[in-house]
Amino acid sequence: MSSATFKPVAKSPTDLDEILRIEESLVVPHFTTSDAFDLGLLLQTRLADASKPALISIVAPSGLAAPLSPTRTLFQCSARAGVSPDNEVWVARKAQTVFRFGVSSWYMGQKLKGDEKLFAAKFGLSPTDASKYAIHGGAVPVRVKGVEAPVAVVIVSGLSQDEDNGVVVEVLQEWIKTA
1 MSSATFKPVA
11 KSPTDLDEIL
21 RIEESLVVPH
31 FTTSDAFDLG
41 LLLQTRLADA
51 SKPALISIVA
61 PSGLAAPLSP
71 TRTLFQCSAR
81 AGVSPDNEVW
91 VARKAQTVFR
101 FGVSSWYMGQ
111 KLKGDEKLFA
121 AKFGLSPTDA
131 SKYAIHGGAV
141 PVRVKGVEAP
151 VAVVIVSGLS
161 QDEDNGVVVE
171 VLQEWIKTA
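Using full-length UniProt numbering, the first residue of the sequence shown is number 1, and each one after it goes up by one.
Worth flagging that the hints you see were computed from the coordinates, not collected in a lab. Using N, Cα and C, we set each Cβ at its ideal position, and we do this for glycine too. Hints may contain errors.
[As the list claims (entries may be wrong)] Below are the DSSO-like pairs computed for lysine-lysine, each with C-alpha atoms no more than 27 Å apart in a straight line: (1) 145 to 122; (2) 122 to 177; (3) 117 to 7; (4) 11 to 117; (5) 111 to 122.
[Claimed, not checked] Computed spacing ranges between beta-carbons, pair by pair: (6) 147 to 21: 30 to 36 Å; (7) 113 to 24: 19 to 25 Å; (8) 51 to 27: 38 to 44 Å; (9) 63 to 88: 19 to 25 Å.
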């Protein structure tokens, strides 16, 4: 497949109020494992012709305490060949950010202007604890109507953080119209 057929994503906003407005509009009536699969396939189709390989992951909180996995994988695949193990690390770190703060990893990055030292200091995190989070775009919460906290996180890792975030938002918006 040629990267010429990949439709570029819209530029992700940098205004915090606009980011929150978009995130608050991404509410679904339900979110099941079948929904995660359908959404994941939409993302895989959308990213199959991207200029760079990307890992797609949809996770839910597991309810388990450390050192066990804090997330449960609902869907994960490479959009095309070339995804590295490092993408899995980024996926996990971005998901942790969403579950802890309840907003996208893009929002946190914009709020703190990408300053990871400021992030660690603001939240009293040691270097080891700070390394468990990523304030880079690409992880967006899935919200179900009537449920306060995110029930899942949709993550893309491999493109620029702006594109990672933008493609998740665009595909979520498309998928919500049919949910």
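Which numbered hints fail: Hints 1, 2, 3, 6, 8 are the ones this structure does not satisfy, whereas the remaining hints hold.
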